[in-house]
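S.K.: This is what each chain is made of:
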Amino acid sequence: MKRFLLFLPLLIAVVVGIVLFAGIGKDPTKLESALVGKPVPEFSLRDLHNPDAMLDRSVFQGQVSLLNVWGTWCPACKDEHDDLMWLAEEKGVNIIGLNYKDNREDALVWLDRLGNPYRKTIYDPRGTLGFDLGVYGAPETFVIDAEGMVRFRHVGVVNETVWEQTLLPVINDVQGNG
Amino acid sequence: MVRVVCLMLALIFSGVAAAEVADVYDFSDRAQEQRYQNLIAELRCPKCQNQNIADSNAPISKDMREAVYRMMKDGASNEEIVESLVGRFGEFVRYKPEFDSRTFLLWATPAIAVFGGVLVVAGVVIRSRRAGQDSPALSAEEKARVDKMLADEDKLS
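Residue numbers (this note's numbering), protein chains in the order written: chain A, 1 to 178; chain B, 1 to 157.
Do not take every clue at face value.
Reference excerpt, derived from the structure (chain B facing chain A, CB under 8 Å, subset only) [what the hints assert, rightly or not]: (1) Q49; (2) A67; (3) G87; (4) F89; (5) F92; (6) G123.
One side of the interface only, derived from the structure: several residues of chain B facing chain A at Cβ under 10 Å [as the list claims (entries may be wrong)]: (7) I40; (8) A41; (9) C45; (10) P46; (11) K47; (12) D63; (13) L85; (14) V86; (15) R88; (16) E91; (17) V93; (18) A111; (19) A113; (20) V125.
If you are wondering where the hints come from, they were derived from the structure by calculation, not from laboratory data. All figures in this text were calculated on a predicted structure; none of them were measured in a lab. Think of the CB as a built atom: it goes at the ideal place given N, C-alpha and C, for glycine as much as any other residue.
Please model the entire structure based on the sequences and the hints provided.
M.R.: Here it is in structure tokens:
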């Protein structure tokens with residue numbers, strides 16, 4: 001018993017070391033969305049391309065989609081744009097855009113010049129839907145299932161690695177269950 | 001040239017003034033304003049972590065302050081306001097997390113540490129007392145020697 005007690009400090013140090021080591025490399029700025037497992041919040045916003053048309057939650061019905069939050073003011077959104085084009089064109093991924101706190105002219109010029117990977121783009125100049133989704137910095141990408149439920153949120157750019165290691169497994173999982 | 005400089009300065013400072021007044025809200029009384037200040041002081045900014053939304057200049061903090069103000073105007077209680085923001089941004093935005101099964105360890109750690117310390121101290125005290133009874137500091141033989149020494153000393157004085 002006495003012998004064991006002598007090793008107690010070492011044991012505590014090892015446990016604390018393991019716990020702290022597990023935290024290294026984790027990015028604390030990436031938060032899990034509070035909406036995972038909940039439906040996309042209700043909204044009624046205009047279509048970016050067609051100001052007369054209103055979009056609501058029904059755009060997510062029927063198939064698994066990615067909801068990509070972007071704005072022309074966001075440099076990282078430009079970085080991921082080519083990868084979104086690649087996903088839409090090569091992989092046939094159904095992407096819905098959320099143009100967040102932006103203005104229509106700039107956004108249309110951007111899509112004209114860089115290409116449009118979005119099946120539909122929701123125009124949210126005041127960021128109301130973004131706020132309800134808990135968006136705290138663009139770009140963010142949500143995986144929405146065919147019933148319009150939020151299944152996953154990725155904060156930061158989407159690229160080939162993120163697609164293969166993070167988003168694709170979630171989508172496969174969602175499709176497997178649904 | 002002087003005019004240009006004046007214009008530049010005016011522009012620069014008007015920007016500062018505009019930035020400062022942009023976030024001023026009207027309250028019916030001091031208590032409401034205090035309530036608002038308390039609320040935004042205990043809500044955490046999801047973008048610039050380790051800042052509350054009162055201190056943060058991030059656009060998202062501004063939106064959150066606006067939402068807090070709007071909900072207060074609509075007569076929401078403090079809990080409703082915090083719950084609504086937690087529902088959007090997650091438990092992370094609370095500087096004072098709720099006591100539930102997930103935060104149990106967080107809240108209980110100080111109590112557990114104190115309890116553990118008390119146990120250790122009690123253990124040490126009890127063990128030393130017991131050791132004191134089982135094996136007195138002096139054996140019978142030694143005690144006799146001490147008694148004799150003390151008796152000798154008494155004689156000398």
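S.K.: Does V125 of chain B pass the interface check with chain A, least Cβ-Cβ distance below 10 Å?
M.R.: violated (17 Å)
S.K.: Mind checking the CB of P46 of chain B against every CB in chain A and telling me if the closest is under 10 Å?
M.R.: Because about 4 Å separates P46 of chain B from the closest Cβ in chain A, which is inside the 10 Å limit, the hint holds.
S.K.: Can we keep the A113 of chain B interface hint, with Cβ of chain A closer than 10 Å?
M.R.: With a closest approach of 12 Å, the A113 of chain B hint is violated.
S.K.: Holds or violated: is the Cβ of A41 of chain B closer than 10 Å to a Cβ in chain A?
M.R.: violated (19 Å)
S.K.: Quick check on the hint: A67 of chain B CB to chain A CB, less than 8 Å?
M.R.: Holds: closest Cβ of chain A sits about 7 Å from A67 of chain B, inside 8 Å.
S.K.: Restraint: V93 of chain B near chain A, CB-CB cut 10 Å. Satisfied or not?
M.R.: holds (9 Å)
S.K.: Given G123 of chain B as an interface hint, is its Cβ closer than 8 Å to any Cβ of chain A?
M.R.: violated (11 Å)
S.K.: Tell me if C45 of chain B is really an interface residue toward chain A, meaning its C-beta lies closer than 10 Å to one of theirs.
M.R.: With Cβ-Cβ at 8 Å, under 10 Å, it holds.
S.K.: Under 8 Å is the threshold here; is the Cβ of F89 of chain B close enough to any Cβ of chain A for the hint to stand?
M.R.: holds (4 Å)
S.K.: For the hint on D63 of chain B, does the least C-beta distance to chain A fall short of 10 Å?
M.R.: holds (6 Å)
S.K.: Holds or violated: is there a CB of chain A closer than 8 Å to the CB of F92 of chain B?
M.R.: Constraint on F92 of chain B satisfied, holds at 5 Å.
S.K.: Interface hint check: I40 of chain B, Cβ to nearest Cβ on chain A, cutoff 10 Å. Holds or violated?
M.R.: Cβ of I40 of chain B sits 16 Å from chain A, so the hint is violated.
Hint compliance for this structure: hints 6, 7, 8, 18, 19 and 20 are broken, all remaining hints hold.
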